[in-house]
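Q: Place chains X, R and A on chain B using the hints.
Protein chains: 4
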Amino acid sequence: MTCQASNELEQLVLQARPYSSQGKLATYIPALEKANPSHLSVAIFHLDGTCTYAGDYKQRFSLQSISKVLSLAYVLARIGDEEVFQRVGMEPTGDPFNSIAKLETTKPSKPLNPMINAGALVVTSLIPGADLKEQWEDFLDFIRTLTGNPEIAYNKELQESEFSTSYLNRALCFFMKQHGIINGEVEKIMELYTKQCSIEMNCLELAQLGAVFANNGRNPVSGEQIIPVQIARICKTFMVTCGMYNASGEFAMKVGIPAKSGVSGGILGVIPNRCGIGVFSPALDEKGNSLAGWKLLEFMNEKYNFSIF
Amino acid sequence: MTCQASNELEQLVLQARPYSSQGKLATYIPALEKANPSHLSVAIFHLDGTCTYAGDYKQRFSLQSISKVLSLAYVLARIGDEEVFQRVGMEPTGDPFNSIAKLETTKPSKPLNPMINAGALVVTSLIPGADLKEQWEDFLDFIRTLTGNPEIAYNKELQESEFSTSYLNRALCFFMKQHGIINGEVEKIMELYTKQCSIEMNCLELAQLGAVFANNGRNPVSGEQIIPVQIARICKTFMVTCGMYNASGEFAMKVGIPAKSGVSGGILGVIPNRCGIGVFSPALDEKGNSLAGWKLLEFMNEKYNFSIF
Amino acid sequence: MTCQASNELEQLVLQARPYSSQGKLATYIPALEKANPSHLSVAIFHLDGTCTYAGDYKQRFSLQSISKVLSLAYVLARIGDEEVFQRVGMEPTGDPFNSIAKLETTKPSKPLNPMINAGALVVTSLIPGADLKEQWEDFLDFIRTLTGNPEIAYNKELQESEFSTSYLNRALCFFMKQHGIINGEVEKIMELYTKQCSIEMNCLELAQLGAVFANNGRNPVSGEQIIPVQIARICKTFMVTCGMYNASGEFAMKVGIPAKSGVSGGILGVIPNRCGIGVFSPALDEKGNSLAGWKLLEFMNEKYNFSIF
Amino acid sequence: MTCQASNELEQLVLQARPYSSQGKLATYIPALEKANPSHLSVAIFHLDGTCTYAGDYKQRFSLQSISKVLSLAYVLARIGDEEVFQRVGMEPTGDPFNSIAKLETTKPSKPLNPMINAGALVVTSLIPGADLKEQWEDFLDFIRTLTGNPEIAYNKELQESEFSTSYLNRALCFFMKQHGIINGEVEKIMELYTKQCSIEMNCLELAQLGAVFANNGRNPVSGEQIIPVQIARICKTFMVTCGMYNASGEFAMKVGIPAKSGVSGGILGVIPNRCGIGVFSPALDEKGNSLAGWKLLEFMNEKYNFSIF
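Protein chains in written order, with my numbering: chain B, 1 to 309; chain X, 1 to 309; chain R, 1 to 309; chain A, 1 to 309.
Next up, chain B with everything else stripped away, as it sits in the complex (with noise of 0.2 Å):
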């Protein structure tokens, strides 16, 4: 693989990156604010295998969220959708992320998506494995072979610290649990779960991961079909629906592209058929997308016409 500086990238990256000035590093996970907040970088990483990139692509960061889609994919591909869906939904919620009180009102009580933390926790309580270690190493792999880096790893001291204060979603866990959605150790799923938000890339190789949902779940390079056909259209469906947290009918409108963000400032954009993209920009709007990164998928819809509408 041989990855290019793009001038005209670069163009938009200079653009965007005023943006990240009225955005915020996120606070509730401490090692999170260590993050500089005028970063912003890009890559493209096109179905025929070449790539380009914009700003400091080197730089890593943990997924966060955006490990949901690939907790998600994983999981269908291991366990069948049969099974994921009898516990978590295909729907669209206006609530926020983190929220709660759905479980209670709605009877079963099965979260709606699996884009939301409760859905997430679900999925991954559905890893399979005959323990701990075995479920994480697995998971890992599947990572690096959608990313082609051997290397790929989790951050561990932002893993202790996401696990130390995940007071929220241990509760949605205990709550999921005394419902019958989640089955299994509370704090086995914790661990698992704060690993998988703790893996670190960079740009580049979240464009490839990208390129992969975006040829239908295969390998660009290598042809070899990583995720069945199926499985990728579902991750990509609820990329559109739910994958902006609350403002992904409002990304959808403005961008209209396949997309998942996390509270690092990462995003993940598909163009079905087209090419898969990596952006960071620590800095967040109020909802909790990178700010910059968003206005970036913004400037480069309006000169590729990424929109799938």
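Among the clues, some could well be false.
Since the list gives no way to pick one copy over another, a pair counts as held whenever it fits inside one copy or between any two copies.
To be verified - Quick list of in silico lysine to any residue cross-link-like pairs, SDA-like style, CA-CA up to 25 Å:
| # | residue 1 | residue 2 |
| --- | --- | --- |
| 1 | Lys24 | Gly180 |
| 2 | Lys133 | Pro220 |
| 3 | Lys254 | Gln22 |
| 4 | Lys287 | Thr105 |
Bear in mind the hints are in silico, worked out from the structure with no lab data behind them. Being a predicted model, the structure only gives us computed values, none of them experimental.
A: Only chains X, R and A this time, still in chain B's reference frame:
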């Protein structure tokens, strides 16, 4: 326009029709209970101006919630997106289409999107015009232009039936009037709203109307730009994220096209840059979508690969 | 009836009046904003027929929510508790008095109790009578009998003001009409309801009315049983559990007597087997209770040990 | 203390016992299912130190939610009402005792009152002590003093059963820990909470304990002030407004006394300035209150006119 019966479509109709026996006619609007539950018809209007159909394509049905997309397009075009989106949101919701609770718990209390009743009532309240007569006639002209049929009209008996029993919609209106989301007289808004819901057409006209959206707002035959590109895109986005009531997410996964259904059993489908689709089958599933209509669109997607994902 | 000014009460009034400066007049009913915010008056009507007062006891004020207890007593007496409690519950609620959300999330959707607006509207809808005129006149007779004043009337200007702006109450009515909790025409119910809210009296008449409840439904002077014992008890119970809006629990702890307040600034107090109390001071706290009125009742309880706990 | 069997009470027990056949044993705590569903016992402890009983008064049962009143009294006495009511409210709620949704929709997210699980967990988290051992032993001493029985203990098997299955209470704790309402380790709070719920006594001891509250916090035999007057009053108020789960309003109307029930089937009753009552019958109605126990209190009220209203 020359439309032709299609054997291929007819085969799919035969395959889908049996599912109608698992559905039920809408009961909350008395006039809708008179429909023939085993009816199923479909039409496709391609962007080259040709069209095909299957089943009794002449059967007329009321738009009901399908009209929400049309009033939205109309109001956006007439008064601009800024004013509209000050009063109604852009986000999907996990609540039922007729829910009032979220209006109370969300601050400010504007409806989450224009595809739920509360949001559609806001949109209707924004239809410009000196009086009710002008509001209605101008809007009806818009529908006639979209379908190419100057005879399009509403079903008066149906409208009166809906008008006299729509207590819940009045509750929504008064609640929003209290909070300044809606201005004007509730009874007038209700008259306009029930009229738009009672507009009747057949699947062919619905498909032709869909082709305008598929063609980015341009009439595929005359080339006239009826709806601005950006507004057509906004409408298609809402159709994907919230067009099929509380099964929008599932529909996006299984069919993957912008669509809007109504409790009459109609479904408007839009395949960007390809064709518009009109489907009608009045027996509904428990979420309020045409059961055989949904199945037919699934079969059509399998055959023609319509999904945008 | 000979009523006398009381120096002792006057001392307590002097002590409580300064608190009125921390409160605000109700703004959502325009006519209420004309009140004198520093006004404070009180009367006690003992079961031996004597009464005492302090402050300008002649000042008249509208009942507003205080009327909810009276319409409840009236309807229970006229049509029986069974029919009433099929349509409205017996339980306190943590939601605001004008909330609609619980009606949607509770099945069946009957209001939790008759002291919140939804419940009070149900009660009003059950007032018997051949037509609106008879319904109103019979109910007004009941109030006149309770107070011993045949001149009691409603404030027409105030009623018209409330009638024309009560969008939220109309929303509640239409919502309940949809669910079969309320029958009849909403506009007629609204007229009856705003009339009952606009009934005017002074603190002396309010105290005398309270004495009937304190005396287990019997007029303390004439001995006439105006309200059945069991119904008087039901009303006193609701006054303790939900009489002071969302501060009912706090009031029960700090004062400990059955009481019902209205946004006009009136408070009806009932000391079982001892006396009735009428208080008026229009400046309200943020929960809608008369601020100086509440304080005065606290001071009275400290002095006279009124608490039933 | 000499307690005597009462023929009069025995007659009421005979009258109430048949109702137990309409109830069901609590199933969510396995150990409670072993109870004899037709058991019914009662004791009255008068303020002159005499007491009477009927049924098998020696039968011991666990306090469960009855302990919420006792931990509240204890914590109020030890750390003061100001600190307690910063973290838990004073208002009744229409939501179920184990609901979590209101914690999310209310800002700040403190529980509405100390009689629902969330509120009781807050109270338990405030029990002072250097460590869990001291917290527990001091609290248990308080219970022993209240009952006059230094042998009062908790049922270890029951406690362990509750501790291992209380997922919902852990969800409530973690949610409140996230919002800063609860500090300290959740597992320790859970241990303390399940211990207090598993304290066992018989109806006689429960009645004696109730007499302390009836006597304004003073031991009726020794005259010792165990609980300050004002705190005893606060507890009685909560018992009226929220002591009988979601049937508190109905109970107040039909019986009219401060009372607190537990899912073991025990009910603590307090008649101010008159007597304490202990009732036990484990078959519950659908709201979680002892069915025959409730009926017995209704019959007792009819005979002895206990109602405070």
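Q: Each hint needs a verdict: does it hold in this structure or not?
A: Taking the hints in turn, this is what the structure says about them:
no.: 1; hint: Lys24 - Gly180; result: between (38 Å within a copy, 23 Å between copies)
no.: 2; hint: Lys133 - Pro220; result: neither (30 Å within a copy, 58 Å between copies)
no.: 3; hint: Lys254 - Gln22; result: within (19 Å within a copy, 39 Å between copies)
no.: 4; hint: Lys287 - Thr105; result: both (24 Å within a copy, 18 Å between copies)
Hint 2 from the list above is the single one not met by this structure.
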